[in-house]
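Asker: Sequence:
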Amino acid sequence: MPASRMSDRGNGMNEGSSFSRRGFIASAAAGTTGLAVGSSAALAASNGPEFPHPKTPEEAIALLKKGNGRYAKGKLELRDYSPVGERVASSQKPFAAIITCADSRISPTLVFDIHRGNLFVSRIAGNTVDTGTLGSTEYAVAVLGVKVVLVLGHSNCGAVKAAIDVANGKAKFPRNKFGAIGSFVNLILPTANAVPRSRRTVPRVTVANARAQAALLAGKGPIIAPAVKSGKIKVISGVYDIATGRVNF
1 MPASRMSDRG
11 NGMNEGSSFS
21 RRGFIASAAA
31 GTTGLAVGSS
41 AALAASNGPE
51 FPHPKTPEEA
61 IALLKKGNGR
71 YAKGKLELRD
81 YSPVGERVAS
91 SQKPFAAIIT
101 CADSRISPTL
111 VFDIHRGNLF
121 VSRIAGNTVD
131 TGTLGSTEYA
141 VAVLGVKVVL
151 VLGHSNCGAV
161 KAAIDVANGK
171 AKFPRNKFGA
181 IGSFVNLILP
191 TANAVPRSRR
201 TVPRVTVANA
211 RAQAALLAGK
221 GPIIAPAVKS
231 GKIKVISGVY
241 DIATGRVNF
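All the letters of the sequence shown, read from the start, carry residue numbers 1 to 249 under this note's numbering.
I should point out that these hints are in silico values taken from the structure, not numbers from a laboratory.
Incorrect hints may appear among the rest.
Unchecked claim - Calculated pairs, DSS-like style, for lysine-lysine (alpha carbon to alpha carbon, straight line, at most 27 angstroms):
#	residue 1	residue 2
1	Lys-234	Lys-55
2	Lys-55	Lys-66
3	Lys-65	Lys-75
4	Lys-55	Lys-232
Claimed, not checked - Okay, the calculated beta carbon distance ranges per label pair:
#	residue 1	residue 2	range
5	Ala-180	Lys-75	14 to 24 angstroms
6	Asn-193	Arg-105	25 to 35 angstroms
7	Gly-245	Gly-132	40 to 50 angstroms
8	Arg-105	Asn-168	21 to 31 angstroms
9	Asp-130	Ser-107	15 to 25 angstroms
10	Lys-170	Pro-226	16 to 26 angstroms
11	Ala-89	Gly-169	50 to 60 angstroms
12	Thr-56	Ala-225	26 to 36 angstroms
Built from N, CA and C at the ideal position, the CB exists for glycine as well.
Full structure from sequences and hints, please.
Answerer: Printed below as a string of structure tokens:
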């Protein structure tokens, strides 16, 4: 149950690009969700089968489902693990943002059989929405122009187990002994408490938590909620079965 959070962001904020704090705030206030990052020439050069650039949320979701289907069947199309090269080194154009667990058994680019540069991934134990994952996802929506946001839970999640133990009165995580571990457990706790104790199993709470975090994220202003309302993006949830490789959306 890793307690650290990290974000797989490719070239990150790309401070040398056209992105600026002032421009971002002004454009976000105006409702813009597709600011330029990197040169347009670099983005054009990265287009093609490896970088599909779906035009709608539905197309983006279909790509994720098809890729995961290949992965679960062991029929991967992605076999090039060499450096991405100059064509995408100076910019990124992901079509999906993913909030998933920090668990070492999850690798979204493999799970969805997609080339690097297509997924903007934020990781935190328990795949919860906190300030860091929220801000990262807002950046993905407002600046990078993703079409879909996926909150991805997984089977046998240690963070979910911890939240269930707290809900059942079997565990506590005082800060003086456990540091910040309790902070992400507390983000799952309301969902665990909402599930009747007789049904409070890890699989059920895992599904409920992914859905709850997605619903929470979809309602967050001033960036994500308007984008959802306008149809520019969809916020969905899913659970990855580590044993089978299948994502249940």
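Asker: Against each hint, give a clear statement of whether it holds in the structure.
Answerer: Results for each hint:
1. Lys-234 with Lys-55: 12 angstroms, holds
2. Lys-55 with Lys-66: 16 angstroms, holds
3. Lys-65 with Lys-75: Measuring from Cα to Cα gives roughly 14 angstroms; hence the hint holds.
4. Lys-55 with Lys-232: 10 angstroms, holds
5. Ala-180 with Lys-75: 14 to 24 angstroms: Since the Cβ atoms of Ala-180 and Lys-75 sit about 41 angstroms apart, the hinted range of 14 to 24 angstroms is violated.
6. Asn-193 with Arg-105: 25 to 35 angstroms: 27 angstroms, holds
7. Gly-245 with Gly-132: 40 to 50 angstroms: 28 angstroms, violated
8. Arg-105 with Asn-168: 21 to 31 angstroms: 25 angstroms, holds
9. Asp-130 with Ser-107: 15 to 25 angstroms: 22 angstroms, holds
10. Lys-170 with Pro-226: 16 to 26 angstroms: Violated, at about 42 angstroms.
11. Ala-89 with Gly-169: 50 to 60 angstroms: 52 angstroms, holds
12. Thr-56 with Ala-225: 26 to 36 angstroms: 19 angstroms, violated
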